[in-house]
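Trainee: Everything in the sequence shown is counted per this note's numbering, starting at 279 for the first residue and increasing by one.
Accuracy of the hints is not assured; some may be wrong.
For lysine-lysine, the following DSS-like pairs were computed, each having C-alpha atoms within a straight-line distance of at most 30 Å [as the list claims (entries may be wrong)]:
{"#": "1", "residue 1": "K339", "residue 2": "K327"}
{"#": "2", "residue 1": "K327", "residue 2": "K311"}
{"#": "3", "residue 1": "K311", "residue 2": "K347"}
{"#": "4", "residue 1": "K347", "residue 2": "K326"}
{"#": "5", "residue 1": "K347", "residue 2": "K327"}
{"#": "6", "residue 1": "K311", "residue 2": "K375"}
{"#": "7", "residue 1": "K317", "residue 2": "K347"}
{"#": "8", "residue 1": "K317", "residue 2": "K327"}
{"#": "9", "residue 1": "K339", "residue 2": "K326"}
{"#": "10", "residue 1": "K311", "residue 2": "K326"}
{"#": "11", "residue 1": "K311", "residue 2": "K339"}
{"#": "12", "residue 1": "K317", "residue 2": "K339"}
Since the hints were derived computationally from the structure, they do not count as laboratory data.
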Amino acid sequence: MRFPLPAPLLEFLILASLENEDSYGYEICQTIKTIQAIKEPVLYPILKKLQNENQIDSYEKIIRNRRRKYYALTEAGRNELAAMRQDWQLYVDGIDKIVQPKGETHA
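Turn these sequences into a full structure, and let the hints steer you where they fit.
Mentor: Here it is as C-alpha coordinates:
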(Lines of atoms letter the chains of each structure in order from A; the text may use other names.)
(Lines give C-alpha, C1' and ligand atoms only; values in the text may rest on other atoms or scores of the structure.)
Protein backbone atom coordinates (compact mmCIF):
# COMPACT_ATOMS: atom_id res chain seq x y z
CA MET A 279 0.00 0.00 0.00
CA ARG A 280 1.29 3.45 -0.83
CA PHE A 281 -0.11 5.11 2.26
CA PRO A 282 1.69 4.25 5.52
CA LEU A 283 -0.50 4.00 8.58
CA PRO A 284 0.03 6.76 11.14
CA ALA A 285 -0.06 5.84 14.84
CA PRO A 286 -3.65 7.10 15.43
CA LEU A 287 -4.91 4.88 12.62
CA LEU A 288 -3.00 1.92 14.06
CA GLU A 289 -4.66 2.61 17.42
CA PHE A 290 -8.05 2.61 15.69
CA LEU A 291 -7.31 -0.72 13.99
CA ILE A 292 -6.06 -2.28 17.23
CA LEU A 293 -9.16 -1.22 19.16
CA ALA A 294 -11.42 -2.46 16.35
CA SER A 295 -9.60 -5.80 16.22
CA LEU A 296 -10.28 -6.29 19.95
CA GLU A 297 -13.94 -5.32 19.79
CA ASN A 298 -15.34 -8.84 19.45
CA GLU A 299 -12.56 -10.98 20.83
CA ASP A 300 -9.48 -10.69 23.05
CA SER A 301 -6.24 -11.26 21.19
CA TYR A 302 -2.47 -11.35 21.62
CA GLY A 303 0.17 -9.19 19.94
CA TYR A 304 1.20 -11.53 17.13
CA GLU A 305 -2.42 -12.15 16.15
CA ILE A 306 -3.23 -8.41 16.18
CA CYS A 307 -0.15 -7.81 14.03
CA GLN A 308 -1.27 -10.45 11.52
CA THR A 309 -4.72 -8.83 11.29
CA ILE A 310 -3.21 -5.42 10.53
CA LYS A 311 -0.79 -6.98 8.04
CA THR A 312 -3.79 -7.79 5.82
CA ILE A 313 -3.79 -4.11 4.82
CA GLN A 314 -0.33 -2.82 5.78
CA ALA A 315 3.06 -4.34 6.48
CA ILE A 316 3.77 -3.84 10.16
CA LYS A 317 6.33 -5.39 12.46
CA GLU A 318 5.59 -6.45 16.01
CA PRO A 319 8.15 -4.01 17.52
CA VAL A 320 6.02 -1.16 16.11
CA LEU A 321 2.87 -2.63 17.61
CA TYR A 322 3.94 -3.15 21.22
CA PRO A 323 4.58 0.51 22.13
CA ILE A 324 1.09 1.33 20.82
CA LEU A 325 -0.42 -1.49 22.88
CA LYS A 326 1.42 -0.14 25.94
CA LYS A 327 0.12 3.38 25.25
CA LEU A 328 -3.46 2.12 24.92
CA GLN A 329 -3.03 0.18 28.14
CA ASN A 330 -1.68 3.26 29.96
CA GLU A 331 -4.74 5.17 28.74
CA ASN A 332 -7.01 2.39 30.12
CA GLN A 333 -8.41 1.68 26.67
CA ILE A 334 -7.21 -1.91 26.78
CA ASP A 335 -6.37 -4.33 29.54
CA SER A 336 -4.07 -7.34 29.47
CA TYR A 337 -3.91 -10.74 31.08
CA GLU A 338 -1.79 -13.84 30.64
CA LYS A 339 -2.99 -17.17 29.40
CA ILE A 340 -1.05 -20.42 28.97
CA ILE A 341 -1.63 -22.08 25.62
CA ARG A 342 0.25 -25.33 24.85
CA ASN A 343 2.71 -24.66 27.67
CA ARG A 344 3.44 -21.16 26.35
CA ARG A 345 2.52 -18.00 28.18
CA ARG A 346 0.77 -15.40 26.03
CA LYS A 347 -0.24 -11.89 26.91
CA TYR A 348 -3.79 -11.23 25.75
CA TYR A 349 -5.34 -7.81 25.31
CA ALA A 350 -8.98 -6.93 25.92
CA LEU A 351 -10.98 -3.81 25.15
CA THR A 352 -12.14 -1.86 28.21
CA GLU A 353 -15.28 0.25 28.45
CA ALA A 354 -13.14 3.36 27.89
CA GLY A 355 -11.70 1.63 24.82
CA ARG A 356 -15.19 0.89 23.49
CA ASN A 357 -16.12 4.54 23.93
CA GLU A 358 -12.94 5.67 22.17
CA LEU A 359 -13.57 3.19 19.35
CA ALA A 360 -17.09 4.58 18.84
CA ALA A 361 -15.70 8.14 18.70
CA MET A 362 -12.95 7.07 16.30
CA ARG A 363 -15.54 5.45 14.02
CA GLN A 364 -17.41 8.74 13.80
CA ASP A 365 -14.19 10.63 13.07
CA TRP A 366 -13.20 8.01 10.51
CA GLN A 367 -16.46 8.40 8.62
CA LEU A 368 -16.07 12.18 8.49
CA TYR A 369 -12.47 11.71 7.31
CA VAL A 370 -13.44 9.23 4.57
CA ASP A 371 -16.33 11.43 3.43
CA GLY A 372 -14.01 14.45 3.24
CA ILE A 373 -11.37 12.57 1.28
CA ASP A 374 -13.97 11.15 -1.08
CA LYS A 375 -15.17 14.66 -1.89
CA ILE A 376 -11.68 15.44 -3.12
CA VAL A 377 -10.52 12.20 -4.75
CA GLN A 378 -13.71 10.76 -6.27
CA PRO A 379 -14.35 11.70 -9.87
CA LYS A 380 -17.16 14.24 -10.12
CA GLY A 381 -20.57 12.60 -10.22
CA GLU A 382 -19.43 9.41 -8.45
CA THR A 383 -20.10 8.64 -4.81
CA HIS A 384 -18.41 6.23 -2.42
CA ALA A 385 -20.34 2.96 -2.21
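Trainee: Check each numbered hint against the structure and report the violated ones by number, ascending.
Mentor: none
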